[in-house]
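Protein sequences appear in the order of chains A and B.
The C-terminal position of the first sequence is numbered 345 in the numbering used here, with every residue numbered one higher than the one before it.
The C-terminal position of the second sequence is numbered 343 in the numbering used here, with every residue numbered one higher than the one before it.
For the record, the hints were derived by calculation from the structure and aren't laboratory data.
You may find that some hints are simply not true.
Claimed, not checked - The calculated label-pair distances, taken between Cβ atoms and stated as ranges, are:
no.	chain 1	residue 1	chain 2	residue 2	range
1	B	Leu75	A	Glu302	51 to 61 Å
2	B	His156	A	Leu280	52 to 62 Å
3	B	Val312	A	Pro110	45 to 55 Å
4	B	Lys40	A	Arg71	10 to 20 Å
5	B	Ser282	A	Ala111	37 to 47 Å
6	B	Arg17	A	Pro110	33 to 43 Å
7	A	Pro313	B	Pro158	51 to 61 Å
To be verified - Chain B residues, not near chain A, derived (Cβ > 10 Å throughout):
no.	residue
8	Thr37
9	Val54
10	Gly86
11	Phe103
12	Thr125
13	Lys161
14	Lys197
15	Ala203
16	Thr293
For each residue, glycine too, the CB sits at the ideal point set by N, CA and C.
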Amino acid sequence: MDSILPAVGTADTAPLGPGQLRELYSLMAAVRYLDTSAVAWQRQGIIPGYAPELGQEAAQVGSAYALDTARDFAFPTYREMGVARAMGVDMVAYMSTHKATWHGGMYNPPASRLAPIQAVVAGSVLHAVGWAHGQTLSGEQGVALSYFGDGASSQGDVHEAMNFAAVMKAPVVFFIQNNGWAISVPTERQVAGGSVAARAAGYDIPGIQVDGNDVVAVYEATRNAFAHCRQGNGPVVVEAMTYRRGPHSTADDPGRYRSLDNERIDAGVDPLERFRKRLLAEGEADEAFFAAAHDAARAEEEAIRIGIEALGPRPGNEMFDFVFQETTPVLENQATRWREESEHV
Amino acid sequence: MSESTATLEARAPMEARLTQLSMQQALNRALDEVLSTDPKTLVFGEDCGQLGGVFRITDGLQTKHGDTRVFDTPLAESGILGMSVGLAMAGFHPIPEVQFDGFAYPAINQIVCQIARMNYRSRGTLPMPITLRVPSFGGIRAPEHHGESLEALFAHVPGLKVVSPSDPHDAYHLLKYAASRPDPVIFMEPKSRYWQKGDVDTADGGSLTGARVVRPGRHLTLVAWGAMVARCLQVAELAAEDGIDVEVLDLRWLKPIDAATLATSVGKTRRAVVVHEAPLTSGLGAEVAQLITQSCFDTLKAPVERVTGFDVPYPSGDLEDEYIPNIDRILLGIQRVLEYRRG
Ligand SMILES: Cc1ncc(C[n+]2csc(CCOP(=O)(O)OP(=O)(O)O)c2C)c(N)n1
Chain A
1 MDSILPAVGT
11 ADTAPLGPGQ
21 LRELYSLMAA
31 VRYLDTSAVA
41 WQRQGIIPGY
51 APELGQEAAQ
61 VGSAYALDTA
71 RDFAFPTYRE
81 MGVARAMGVD
91 MVAYMSTHKA
101 TWHGGMYNPP
111 ASRLAPIQAV
121 VAGSVLHAVG
131 WAHGQTLSGE
141 QGVALSYFGD
151 GASSQGDVHE
161 AMNFAAVMKA
171 PVVFFIQNNG
181 WAISVPTERQ
191 VAGGSVAARA
201 AGYDIPGIQV
211 DGNDVVAVYE
221 ATRNAFAHCR
231 QGNGPVVVEA
241 MTYRRGPHST
251 ADDPGRYRSL
261 DNERIDAGVD
271 PLERFRKRLL
281 AEGEADEAFF
291 AAAHDAARAE
301 EEAIRIGIEA
311 LGPRPGNEMF
321 DFVFQETTPV
331 LENQATRWRE
341 ESEHV
Chain B
1 MSESTATLEA
11 RAPMEARLTQ
21 LSMQQALNRA
31 LDEVLSTDPK
41 TLVFGEDCGQ
51 LGGVFRITDG
61 LQTKHGDTRV
71 FDTPLAESGI
81 LGMSVGLAMA
91 GFHPIPEVQF
101 DGFAYPAINQ
111 IVCQIARMNY
121 RSRGTLPMPI
131 TLRVPSFGGI
141 RAPEHHGESL
151 EALFAHVPGL
161 KVVSPSDPHD
171 AYHLLKYAAS
181 RPDPVIFMEP
191 KSRYWQKGDV
201 DTADGGSLTG
211 ARVVRPGRHL
221 TLVAWGAMVA
231 RCLQVAELAA
241 EDGIDVEVLD
251 LRWLKPIDAA
261 TLATSVGKTR
271 RAVVVHEAPL
281 TSGLGAEVAQ
291 LITQSCFDTL
301 KAPVERVTGF
311 DVPYPSGDLE
321 DEYIPNIDRI
331 LLGIQRVLEY
341 RRG
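When you get a sec, could you build the whole thing from the sequences and use the hints?
Quick look at the structure:
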């Protein structure tokens, strides 16, 4: 698809080798299993809610695969399970947010290079810009990868973020997963100006649209964007065109705004199936590999479910423990009162 | 400050550490020193660089510390505060400025949902050592949105700390203190006091964590903060002429409130009037009154009085003097408390 990024000739632009292609497939399979299972867990009462990403595996895995966790940092919203998995985040800790254990998740953001799960749409887009500017200030090479949706792109913060990043030449990749819907509102009722990528021109930022169902295309677009940023050229907008196949969340009823027939037509080819066909056709993988990948994904899902089920509620004092680095007498008094009253009951 | 510098300064002659500064100069000096001692601090906002800020609080800092440490941002408050979150995540200590209190509103989302919660959300792994400087309160006949009292709004938000200095000495020390803390602090500068001079002891800030008795008295405690402290001191002088001995308590920290010092003061005087510029309803006066009731209920001689702004949008300059508690209104408040008779 369109790319107005100048070609960058660096070592990390080599085509993906067979091992990497297979790794991408394994990641997507793991994500697919965990995602569909999480919806089932919700139905079974194991978790109270979940925001599925069925159909967005290529966009999430492909983009996150371009990230270097030794130096980069990703800023997710609430739907980036595939990103977390591709980055190697502890998935029980990640899924704990959907168990209502802790807002933001139980993983360690600085260590895993993934910011806490974010419920305010576009809330973290400016954080990515600030973090990226920090890289410039300290002479580091890290790039911020900011995830958000087509709906979020309507938020003022996204416009402020793009303008800030362009003015400051901040190394940030704005990665939009345009999954066609913001809950019930389709992109054409959401995004003016043609596309989110098209808006980038207004900020003099390179804007790329990529087929978000093609994991390799997504990876390459993101990798090129990273290289562009690392060379000091400022931000890039990457809009991955994909489709949210299921409901917005486990509380959503998509039947109220689209028919199953429309869903089938608009969704196109399943990204996982599509990649599988490609690997088969190119001789990069065989049925035995796929079977093994699926077995591994199933086993992983099961281990995560067991971990999630074993997660007890947090001790109540933690409610007070993390408000501040330096607690206050008022808060200490409240914690004491809470302890006394909860022991009394 | 290193141990040896501290000793040196302590030994320095009184005139070297005692200096007359306006609050503007005191804040400027504090920022200069913070930038010099902590290489991770950044000072930024609208017009903070070359211009030195519309109130000149950042005057000369860009020239001295460079335009990567002190810089102008695009004109977008949410952008400024949201960027501060990311910079804090990257290990910096942002000291952003919003140009006027009323323009903190466009950034409320980032302040409340992000700055105040990131430490919590991340289970303490992403501290937000951000000091947000907000030129605050009225009294300068400014246009709409250039004079607001947001303390109750900020103080109500879990995860934020709120402080307001009332004189140059405290401005200097409290800003340095706030900037050295690991938690977000909303630093409310009383803009009507920017140009008032006062003694600053640069070597000895005293205790900076709680409230401060700025004038001891026996008959009644006036509780105030920010610009209202100076006004309450004037009131105390006038009341003294009538034989009323007023204690003036500068709350300083509006979150967390120093309940112990409040209790000690009112426990002694047994009467209290809270004075603030913000509207009456759900203002911090209510919080202060409750804290006093809780600790001094048995000894109080009268219900706690409040002398405040009104529940109206901040009025235009011509009506400002009617809105901000003036000397007469405060004296009347004192009178109500002193004349209270149990029914
Ligand atoms: C600021 C804000 N407003 C409203 C919501 C409620 N909400 C949650 S998701 C959503 C739609 C977001 O659509 P999009 O950005 O396209 O992302 P997607 O859910 O499709 O991944 C809305 C309205 C929210 N989370 N945050």
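- Holds or violated: is the Cβ of threonine 125/B farther than 10 Å from all Cβ atoms of chain A? violated (5 Å)
- Please confirm whether threonine 293/B is truly not at the interface, meaning its C-beta sits more than 10 Å away from all C-beta atoms of chain A. Correct as stated: the minimum Cβ-Cβ distance to chain A is 16 Å, above 10 Å.
- Regarding the assertion that lysine 197/B does not contact chain A, is the least Cβ-Cβ distance greater than 10 Å? Lysine 197/B is indeed farther than 10 Å from all Cβ atoms of chain A, at 33 Å.
- Task: Check the non-interface label on valine 54/B: least C-beta distance to chain A beyond 10 Å or not.
- Result: Holds, because the least Cβ-Cβ distance between valine 54/B and chain A comes to about 20 Å, which exceeds 10 Å.
- Message: A range of 52 to 62 Å was offered for this pair. Does it hold for the Cβ distance of histidine 156/B and leucine 280/A?
- Response: Roughly 60 Å apart at Cβ, these two residues keep to the hinted range, so it holds.
- Query: Minimum Cβ separation between alanine 203/B and chain A greater than 10 Å?
  - Reply: Given that every Cβ of chain A is farther than 10 Å from that of alanine 203/B, nearest at about 24 Å, it holds.
- Non-interface claim for phenylalanine 103/B: all C-beta distances to chain A beyond 10 Å? holds (14 Å)
- Taking the beta carbons of serine 282/B and alanine 111/A, is their distance inside 37 to 47 Å? Distance hint for serine 282/B, alanine 111/A holds at roughly 41 Å.
- Message: Within 45 to 55 Å: is that where the Cβ-Cβ distance between valine 312/B and proline 110/A falls?
- Response: holds (46 Å)
- Is it true that arginine 17/B and proline 110/A lie within 33 to 43 Å of each other by Cβ? Holds - the Cβ-Cβ distance for arginine 17/B and proline 110/A, about 40 Å, lies within 33 to 43 Å.
- That 51 to 61 Å hint for leucine 75/B and glutamate 302/A (C-beta), does it hold up? Cβ of leucine 75/B to Cβ of glutamate 302/A: about 53 Å, so the range 51 to 61 Å holds.
- Query: Has the hinted range 51 to 61 Å been met by the Cβ atoms of proline 313/A and proline 158/B?
  - Reply: violated (20 Å)
In this structure, the hints that do not hold are numbers 7, 10, 12, 13, in rising order.
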